[in-house]
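Peer 1: We have chain U already, so just place chain H on it with the hints.
Protein sequence lines correspond, in order, to chains U and H. The first sequence lines up with residues 1 to 310 when you count with the working numbering. The second sequence lines up with residues 1 to 289 when you count with the working numbering.
Bear in mind the hints are in silico, worked out from the structure with no lab data behind them. Keep in mind that this is a model prediction, so the values were computed, not measured. Every residue, glycine too, gets a C-beta built ideally from N, C-alpha and C. Careful, some of the hints might be misleading.
Distance windows between CB atoms, simulated [stated by the list, open to error]:
id: 1; chain 1: H; residue 1: Q272; chain 2: U; residue 2: K307; range: 37 to 45 Å
id: 2; chain 1: H; residue 1: P100; chain 2: U; residue 2: I225; range: 16 to 24 Å
id: 3; chain 1: H; residue 1: A104; chain 2: U; residue 2: R285; range: 38 to 46 Å
Cross-link-like lysine-lysine pairs, in silico, BS3-like; alpha carbons within 25 Å at most [claimed, not checked]:
id: 4; chain 1: U; residue 1: K288; chain 2: H; residue 2: K194
id: 5; chain 1: U; residue 1: K37; chain 2: U; residue 2: K137
id: 6; chain 1: H; residue 1: K198; chain 2: U; residue 2: K143
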Amino acid sequence: MNVNERLERLTQLKTEIKNAIDQSETTVFETLTNEQKTIRESLFLTADAWTKVQIARYAGRPNALYYIQAMFTDVFELHGDRQSGEDAAMFGALGRFLGVPVTILAQRKGSNLQENLACNFGMNTPEGYRKALRLMKQAEKFKRPIITFVDTPGAYPGISAEEKGQGEAIARNLMEMARLNVPIVTIVIGEGGSGGALALSVCDSLIMLEHAVYSILSPEGFATILYKDASRASEAAATMKLTAQDLHRNGFADHMITEPIEGIHLAPEKVVASLTQLVREELIRHRKLTPTALVAKRYQRLRTFGKDSL
Amino acid sequence: MEKPFLFRKEKLAGFKTWRNKISELTKKEAPEGLMRSCSKCQTMIEGILFEKASHVCPHCGHHESIDAYTRIRLWTDPHSFSEWDKKPAAVNPLNFPDYPAKLASNREKTQLYEAVVCGSAKIMNQPCVVCVMDNRFMMASMGSIVGEKITQAIERATRKNLPLILCATSGGARMQEGIYSLMQMAKTSAALAKHHEKGLLYISFLTHPTTGGVTASFASLGDIILAEPKALIGFAGQRVIESTIRQTLPEGFQSAEFQLAHGFVDAIVQRQDQRETLGRILAMHGGKR
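So here's chain U without its partners, still in its complex pose:
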């Protein structure tokens, strides 16, 4: 069974086991729980990097909108970049986090083909990045913390995206986010793909879910460039150090949130609870700093990458 099939099998097993309990079928219950145990172990305990990439991409995995409705109240969606358009793959909103007004930005992926077509599979256009920047500047004006959710295969590669300056849009976000004087907390919930993800990740605290990944390029793209063979993606994934564990170890991720052993798609509320707690702590910690100290600290955070290379 491939990773998707195994994840779906876990969902079926949950109901099948419940039925077995209801009907007191002990032997069936035992075979089913054994199968469940094996799949859980293969997916969540002994998974290699490539398996993790596929878990991170799994369509049944809770997307940003799930976390937003679970973690915030009073959510009011805002649209448009005020320059040329609107990007459905970039969700922007006002909301309250434990009562405190915040600005929410999230890369939106769908859970089925139809939804995915509507939000371009989570690939942002320049309008999306400019909308994000507009809302972040607005957050700064009203002294609201910013919470961003990262989940994208990468920025959209297309003719109109190039004509509208995809590179400039990402670059501008990197520069402006470095000097915003309100706290920014970034949560990587699935796929953090390349510059398109980075444009929402310049932050004071970066949190990664256990089975989220973050990389310079998709493993397929990496394999194409360096091995001249896209089919060697699993080998590439192993080399790239893209798992949350790797990135937490090397300091890219400040925190890692453990996912439930039954699979995040079957018990998402457990993640929401620990995530809410952690975001709360991070916001309290960063709100104590003066704006100057906050920006200086953010700069130092970025400054550590490659500092010893010279």
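Peer 2: Frame of chain U; chain H shown alone:
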């Protein structure tokens, strides 16, 4: 009696090898009297004429790729450039096989430590910080060392209140260093934010080709963005776009002229006029007239 003599002999020998190395280098750079052909129109041109024309083909106007030191010679006042960080450094955060060997062979081939040369200089008698990327070195891709050198150069410019001129060319972020390369985009952009806040001038000069993570960071953040004629400038690679949208791209897509038409470049400047243009702009931003 013998000791100082031996010492002197040793020193002389060192000097000799150094001199030989230098003459070898200059030989490579200036093939005197040699004929060469334009890589675009194939016309044979005398090497000296070609050099006098700033490596631009006198027949078709094609701007030939030039290395970092040639560019610095063309732009800066004679003997004004003083280079920073002239030291070998190597990193391999992913333990990527063959990467150290690849770095070593690129060093050997190009006589550069990395894909960017940074230093202080004067252009038409005005002090500035100059960084020039060199795409002979691993397509001038940006890894930790390139990112760190550029960041340190920006920080020095900020500290010394100097304008910054950065000549970009790059295949993008360097794959072999994974996430470390990606973070250089954020790091260089953050350093530019500080330079910007101090009210200092940053001119970004885009040359063929400037793509990927470099386009999506410092190269697009100039107060003034200039480009060399016909340079390829863009974010996504053309093959990636073609395979995504399943159609061939129009002629001139992502050229400097395309970027000018779409509002992402302030002006296209011929190579012969670049030094003077930079000088004029510097003068209007607090430099000497």
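Peer 1: CA of K198(H) to CA of K143(U), is that 25 Å or under?
Peer 2: holds (23 Å)
Peer 1: Given a hinted range of 16 to 24 Å, is it respected by the beta-carbon distance of P100(H) and I225(U)?
Peer 2: holds (19 Å)
Peer 1: Quickly compare the C-alpha distance for K37(U) and K137(U) to 25 Å and report which way the hint goes.
Peer 2: violated (48 Å)
Peer 1: Go ahead and decide if the range 37 to 45 Å is satisfied by the Cβ distance of Q272(H) to K307(U).
Peer 2: Holds: the Cβ-Cβ distance is about 40 Å, inside 37 to 45 Å.
Peer 1: Taking 38 to 46 Å as the hint, is the beta-carbon distance of A104(H) and R285(U) inside that range?
Peer 2: Given range 38 to 46 Å: holds, Cβ gap about 44 Å.
Peer 1: Would you mind confirming whether the straight-line C-alpha gap from K288(U) to K194(H) stays at or under 25 Å?
Peer 2: Holds, because 23 Å separates the two Cα atoms, which is no more than 25 Å.
When held up to the earlier numbered hints, the structure conflicts with hint 5 and nothing else.
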